[in-house]
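> Taking UniProt numbering, the leading residue of the sequence shown gets 1, the next gets one more, and so forth.
Heads up, a few of these hints could be off.
Distance condition first, Cα-Cα at most 20 angstroms in a straight line; then the derived PhoX-like pairs of lysine-lysine [said to hold, decoys possible]: (1) 238 <-> 285; (2) 238 <-> 207; (3) 238 <-> 209; (4) 285 <-> 296; (5) 209 <-> 285; (6) 166 <-> 197; (7) 285 <-> 208; (8) 209 <-> 197; (9) 197 <-> 207; (10) 197 <-> 296; (11) 208 <-> 238.
Derived by calculation from the structure, the hints in this document are not laboratory data.
This structure is a prediction, so every number in the text was calculated from the model and none was measured.
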Amino acid sequence: MKFLKSLFRKTPRDGSDNASDVAMTGTLPPIDLSRTTRPVRSEGNGEKKPRVGKITLYMLLSDMKIRSTPEAVVGPLLKLRNATGINTQSDLMMRAAPTGGSLAQQEPPALTSRFASIIAQLSPVLPMSTPQKTFKPWWGDGPRPIREEMDRRADEASAKCLEYVKKHAESGNPASVVACIDEFASRTHMMNVGHVKGNIIDEEIRKKKPLVMAELGGYTGYSAVRFASKQREVAGNKHSHYFSFEYSPVFAARVREMVEFAGLTDQVTVYVDAFSEQYEVLRGKTVDMYFIDHEKSVYLSDLKLIIGSEALAPGSVVIADNVGLGAFQGVKNEYLEFVEASPQFSEVRHTVYMKREDMMVPDLSVATFLA
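Generate the whole structure from the sequences, applying the supplied hints.
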């Protein structure tokens, strides 16, 4: 760990380890990997080999505008890992954080500047190449079996989550339900908006005070319970309503159960089918806020339906989740390209830490409709 300590010293190495935790300032000392002596861990010595994922490494470099394919950087970064003990982007981020605490408590600009300084020192050892036009996922070429397995796991997690909430949460208490889902999701691989993004969206609801809100994609009911509850709170004595559109009849039924358990039946209406088949129910209404978190391939087409339905008014907000991951993987994001180029929207991107992928990703888009 002497190598890492040298990265964060205010003064040159003096043989003492007492300065290892100070914030990094000025120019970092040159990094000479040839002088490191950390041995490579063998798989047969009983130790658990540190995880280094290709996707994580590619995103690590992409975030710093260093364009390399996963295959091009895995070898050098494996060498770097064995030499320094740096395993993942979050490991670097934690060491680069100006103060203690969790990543969620750190300001992204402060993290990024320190992280960039470290990566700038590493760039000479990383071979540069043109990024791939298409991203080949780690699970192989067969999309259908993988999609079926993902659907099966999502269904299983959703069912277990609902059961867990009914057993441990307080009926009629939306905050208790939300906290219980967060607790369940933290111990599983269940899809979930989570408290970090949830807090960002809560703040948007607090500022906008939407009387009509619609979500595209309900899954287990977390977003419906959390955001409908916040909507009702900020609306005060004014009538407000939350519309949830869920393609899967199975998931829609669970959303209804979760909403009912939370005591929000009068606040939330759940529609079953694709949004493209149901959006007409919003005609004649001004929707103050949309939350899009469903099938990624229809984000753009559904946004165009939203615009064409004339349900938006100047100041209406369209929030889209999970917009950043594919962009880092080399997959073209037509939704973001459209929103960024459209004179009808003013967009802000929020960077959040994604635990499952173990990285910071600009993953939440908040677009305000102008005209």
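> Against this structure, judge whether each hint is valid.
Here's how the hints hold up against the structure:
{"no.": "1", "hint": "238 <-> 285", "in the structure": "holds (15 angstroms)"}
{"no.": "2", "hint": "238 <-> 207", "in the structure": "holds (15 angstroms)"}
{"no.": "3", "hint": "238 <-> 209", "in the structure": "holds (10 angstroms)"}
{"no.": "4", "hint": "285 <-> 296", "in the structure": "violated (25 angstroms)"}
{"no.": "5", "hint": "209 <-> 285", "in the structure": "holds (16 angstroms)"}
{"no.": "6", "hint": "166 <-> 197", "in the structure": "violated (24 angstroms)"}
{"no.": "7", "hint": "285 <-> 208", "in the structure": "holds (16 angstroms)"}
{"no.": "8", "hint": "209 <-> 197", "in the structure": "holds (18 angstroms)"}
{"no.": "9", "hint": "197 <-> 207", "in the structure": "holds (16 angstroms)"}
{"no.": "10", "hint": "197 <-> 296", "in the structure": "holds (18 angstroms)"}
{"no.": "11", "hint": "208 <-> 238", "in the structure": "holds (14 angstroms)"}
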